[in-house]
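Asks: Chain by chain, the residues run as shown.
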Amino acid sequence: MGISILVLIAGVAAVHGQDQKTTGTGKKEVRGTVTDSTGVLFGVTVYVKNQTAIGTTTDANGKYILDIPAGNATLVFEMSGYTTLEVPVGDQSVIDVTLKVSHSKMDEVVVVAFGTQKKGSVIGSVTTVRPEDLKIPSSNLTQALAGRVAGIIAYQRSGEPGADNSEFFVRGATTFGYKRDPLILIDGMEYTTTELARLNVDDIASFSIMKDATANALYGSRGANGVILITTKEGKEGRARINVRFENSLSEPTKMVEIADPITYMKLENESVLTRNPLGILPYPQSKIDNTISKVNPDVFPTVDWQKEMLTRNTNNQRLNLNLGGGGGVATYYIAGSMNQDHGNLKVDHRNNFNTNISLRTYTIRSNVNLKVTKTTSAMVRLFGTFDSYTGPITSGAAMYMNIMRTSPVLFKPYYEPDSTHRFVNHILFGNAETGNYFNPYADMTRGYKQYSNSLMGSQIELNQDLSSIITPGLSLRGMMTTNRRANFTITRAYKPFYVTPASYDKFTNTYILRDLNAETGSDYIDFVPGDKSVLSTFRGELASNYNRSFGKHAVTGMALFIIQNDANGNETTLQRSLPKRNITLGGRGTYAYDSRYFTEINFAYNGSERFDKSHRFGFFPSIGVAWAASNEKFFEPLKDVFSKLRLRANIGLVGNDEIGSASDRFFYLSNVNMNDAGFKYSFGTDGGYSRNGISVSRYNNTAITWETARNSTFGLEASLFRKLDVTVEYFLEHRYNILMDRASIPLSMGLEGATPKANVGEARSRSIDINMNYNQKFGQSTGLQFIGNFTYAKNRFEAYEEPEYPYPWMYRKGQPVNQRWGYIAERLFVDDEEVRSSPSQVFGSTVTRGGDIKFRDVSGDGVINQNDMVPIGFPTAPEIVYGFGISGNYKSFEFGIFAQGSARSSFWINPQSTAPFISYRYGSDDPAPSDVQLKNQLLKAYADDHWSEENRNLYALWPRLSYTTNSNNNQSSTWFMRDGSFLRIKQVQAAYTIPPRLISRLRMSRLKIYFTGGNIFTFSKFDLWDVEMGGDGLRYPLQKTYTIGIDVSF
Amino acid sequence: MRRIIKNITLLLALTGMLSACEKYLDVVPDSIATIESAFTLRTSAERYLFSCFSYLPGNASFNDNPAFNSGDEVWYMDPIRDVDATYHNIARGLQNADNPLGNFWAGSTRGSALFQAIRKCNTFLENVDKVPDLNEYERERWKAEVIFLKAYYHFYLFRMYGPIPLTKENLPISASPEEVKVYREPVDSCINYIVSLLDQAASSDLMPDRISGTENAELGRITKCIVKAVKAKVLVTAASPLFNGNITYASLVDNKGRQLFPQTEDRAKWVRAAEACKDAIDFCTAKGYSLSTFAGNTGYTINDTIRQQLDIRTAVTNKFNNPEIIWANTDSRAGDIQRFSMANLAPFTSTSNAKSIIAPTIKMAELYYSKNGVPITEDTDWDFNDRFALRTATDADQFYVAKGQETVKLNFDREPRFYASLGFDRGIWFGNWINNYNVYAPTGLLYVKGRAGETAARQGISNYSITGYYPKKLVNIETTVAADGNITSNTVQYPWPELRLADLYLLYSEALNEAHGPGEDVYYWINQVRARAGLKSVEESWSLHSKDPVKYQNKLGMRAIIQQERSIELMFEGQRYWDLLRWKIAHVELNGPVRGWDITQKDAIPYYNPMLLFNQRFDLRNYLWPIQISELRVNKNLVQNTGW
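From first to last, the protein sequence lines stand for chains A and B.
When we follow this note's numbering, the leftmost residue of the first sequence carries the number 5, and every step to the right adds one.
When we follow this note's numbering, the leftmost residue of the second sequence carries the number 64, and every step to the right adds one.
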């Protein structure tokens, strides 16, 4: 009711706004609407320049009416957080303006640990990102981080819906523990990467990344890896404002891996046998090859393009966001909901009555309500939920891509049409060969589906009490309690495929029959397999008192803080892991600023973690920082035209990390003993009838283990040039010590079981430089151009690494980057077997090295190629440089933008096993293929075109001598398969058109915007087998290129 | 004043908060399992005892027995399928020090973690006295068993690596980096320590002499017979040329200047070994051990030829009351190895058919004696040069080779052990298949049809013998596999024989010959083994049939005879590889072509063309296992074995 009245009033006001009126002489009425990029603005101060007495503020609809003196008046529009706008009135009577969010105002508020500070007084390294910069054509927020945020190193390895999170680190990761990603806090509560990925950009009020000790000291337990701090929007007083955004994206792989044709496959597989073993039995007789070429019977002599059989070219995804906010004097509210629908590009067999393509629906709801309880007390209640509902193939989309690459193109068809003996069966006749134990990826894809459901429900209550009038001015107390429940379950439903193979082929009549391979074990009904279930509960309580007061030129703030956090997991597998994780923090902050010129800040935190022994349970993490706003000095006045702002800051401090070792190492001070371990069983008796399990130790107790600590310091420079160019440069040093690592001094002859004992002995240093710049150019009223750019260069190295005394200097980890890889220097391929014999011995345990295999350099010169010859090769796998730049502009109602992102100084290694043709490759313990099936790698077209062979002894061919087994020589980590990981990507291209308000006001709309966005449009890279960002294992679900059309409506 | 009170209150409140915090972080309940918990109850102490046993190498598994695939007895298709290639790669000359194959030092690449095993044994011995509800009898018996295991694990490492660090007592986990850098002890110190442990175990009153009557629950537990037999083996190993005056290892000197290998040959070591063998044989035979013969089975219709075959075949594979097996590993029972050894005698439709992958080489087929009990190269009646020609089986051969069928002459006129141990194309395979237990069956006994397209031939990429031979010896005669969909497969699993009496007899002959030269005693023990195999004595056989009729009368000749006898008698039992090493003849034996028949052929003539499968190489350094490079870096006091 209230809302509709408000809407009505607004409508009436709008209609009246069309008329022109003058009242009396010398005075003139000016009216108009003030908006920003998202809608109308309430509370904007409007006054006549140099006559502040003549002024007003805009109402809830962004309207103002002002009587101004006639003549050459100029109107000033001012609002905190926005660039102040001056508009000469002239003879206009309606002045509608749009205010731009300001990015460099000194009084802009920055969200910092447990509070906010004015931007001009922040000493820690905090980068704020405008939420609209995070709007990307994807339903995964983590993909927006690369190149947008100075100081974040990010890369994306997969494009599969539900598994496409980017990996990201603040300023490169210096730890070698299991938790390297930053702490993510949304409204003060800790969340996982996936939960961040699901956050709706439209709901974000502020997004900050805190990178150093001053900023993070209070987050002691996890702050060492950096903190991402997000707050969600709150309602604003006024009528309800509704905003709806809908998007549809077309997505397709950025690049598909090219596979050799089936005839070449057969010929080269024959070659692979003969070239290694002249007596070897050929897998394909010439008759089979000939018959396949002549296509005499494509069922009996099949050629299968598995990519075509299993994948579609592209897919469609939809996103819908809706939010409304408003409120009155007592309460304001913000309510938002979103629904995303993402699909994979897997084909669906319509003979099944279920859908096996990936379909990920994510829903979020959020309700933030502020209540003014008394004049000095306010309360805030936040309720939110995130829900993922997934159906897809039984394993994963990535598995489908992996399986395509591990299936022979000439062995069997995906399925066969029923022959006369199978006329009446209604199941699909999947293809297979021999005894039916080959892997048919099509059968695996269509035989059933997996469903999972993730939900996160959270509720938070926050109370603020202003104690100014009760105890002392400037003092307030804040309490917050948050609890989250996460639940997840997975269910799989599938049948067991029936396999057939064409048999009894009669070449004279060109007929065959389909022989059943597993008539007894197949099933045509769906069966069910329960999957993982998990239930997690988190509680966090915070109590803080704040003091904030100015005495003349002195500004003082103080804060005391107490936090407890408890995480419990209901589905853990071991006793130790089932115990809750707990943290306690006692902390405080004090700041002092003099005359807006000199600033200082002290933070400390006393953090406790349940993981350590009592004697080492608490860590103390203090920090101190200073800043000098040079541009506020008197002597700076003459320079102000050039340097509108110049500010220098520096800080140093300690931050801790308790998530070290591995996730299963819960209590280092306790030993981990399995009192009933079947791995240590023995049996006595003729038939082993008297059998007992054994006892094993997986970890010995160690009471000395404690906090990993980072001591870091930042030197920052903030400058504004010509009031158009804002530059922030930060130089960052970190020395991380007490890093947990394996003791290297324990020989195997000691006979210790389980994990190698560990100690806090590792040390690493990192240095990084972040540059962030922003350039705004205006051409008149309605045209603007903005350039943004940022650059992060982070480099680290081991400062202390416990390692034995090596015989050669290049073997030491110390002094090398944390992610450095060691390997052999590949010189070229061996010319022939004779050269192998006359070269340093190259034996790797399972294959005989021959001509055409990779020749490694004997760095140590001892005549043997072994570990002693492995040297640091290439750059680390995570890039050392990440950068992004973009340009955007607006002309009247049109907006456009282009954004490019790149990374440099990283290397990756083509996986020489997963790409090795003809072998049976498994991806380790989490391989999606069942363990009892035969796999057979495909042949990459690039390898088919360029490999060493007896006829073509190219010593620098892409692929060495073919082999029908895993070749332990060519598999070694070496420079042969090392590739440059740097790239530059046109990440986003955008165009938008805002329909002029006068055309839509009749539809009760205040804004209607239509936009087009292209994502990952083009990539510049030296590597062309697959999308370079996927790294060494590019045979998985590729990254996606998207084309999005969206509509954004506000009421 | 008020301020002071206020501050004190604040301080007290803070202190209270801190102690509450301490409590909040105490999430671990009491009574969480620690290593001490293993010794508070008899049942958990028993589990700890079983953990000590659990490190015994699983020798019945061809994938885990370092002496099964590493030498020249069997070979595999290339690419190898369904068999772990680790030890086969040793046979192919791919051993390396970076990541050694069969790394028993570390417990990786198919090796058992024997230093961990020794640590476990020591922990057990340190703590077992604390167990309150353990009676004296069990405690002392368990202790003696663990002392034996500790000795055996040291011996196992010694046999592979030569001089090893001796872990007499455990080093504490908190030991300093200097303390943990242990030294390899010289050969003689290692042997003396191992023997002292064995003597200690054998002297325990509560260790049984032999498991008798309680085999169902106790077979496999350590007895005095086992301890004495192992001691004999340890001392024979120590007296053998690899460890006794081996000048190849003159340069193996540690950083204290100690020579790790004795450089002069000491005949007294053989005397000591012979005494230990005698002691073990006397003790075992007094406790009822004897060479096994076929105990009979009512369902079988057999004749003398087949009976003799079954005498030989059951000596290893009979699990019930086998009087010959002194030590059987009851946790490592021959299961898969039987299916992998068996030939498909009849067409199959089921997937649980015989796999037939383990393929004895032609060299092994040639190693067996002629029917006259002498090597085929020496037999005056046996045409060695014409051995690859074909011959058709007659009535006289019908229980060895299918009547009227053609096979290579190499497969004719051989000793009974040849037919009992090897399956081959056209060879009779008694037992193991439906209706194949009657020698007088009207359709005749089933035989192996191994040529292309036939039932036992290669059908796909796996499940075939690359040489055309099958180690029939390892298959229990009652083990059946699915034949035609009606019979389910039934593997009669037998505990793997670690040590049997025939082994001891041959060790004794060897030790006596080395200590004192040939003589009646030397002949007596080897002849016992030959007699069970249906052969005449060494003296008679050589005198009558050998081109070198006096070979047995000199020490060198007798040594060769004993070595060949051992290789034949213990073939496929994981002994030959260790023997070749300790005799120091591996560089001769394992340097040559590996051959098998041309199994892809349909017709007899091309089928019996010996094909070169591999040219084997064995370098001198291969006599001892390499210590992995990373261990040498951690412990600078270790010296690497020569050549690695």
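Incorrect hints may have been included.
As a list, the in silico DSSO-like pairs of lysine-lysine whose alpha-carbon atoms are at most 30 Å apart [stated by the list, open to error]:
#	chain 1	residue 1	chain 2	residue 2
1	A	LYS511	B	LYS665
2	A	LYS511	A	LYS123
3	B	LYS665	A	LYS271
4	A	LYS183	B	LYS665
5	A	LYS292	B	LYS193
6	B	LYS610	A	LYS818
7	A	LYS685	B	LYS231
A short list of chain A residues far from chain B (calculated; beta carbon distances all over 12 Å) [unchecked claim]:
#	residue
8	THR439
9	ASN680
10	VAL847
11	VAL852
12	LYS1013
Calculated from the structure, these hints are not laboratory results.
Just so you know, these numbers come straight off a predicted model, no measurement behind them.
Backbone N, C-alpha and C fix where the C-beta goes; we use that ideal spot for every residue, glycine too.
Asks: Taking the numbered hints from earlier one at a time, note which ones the structure violates and give those numbers from smallest to largest.
Replies: 2, 4, 5, 6, 8, 9, 10, 11
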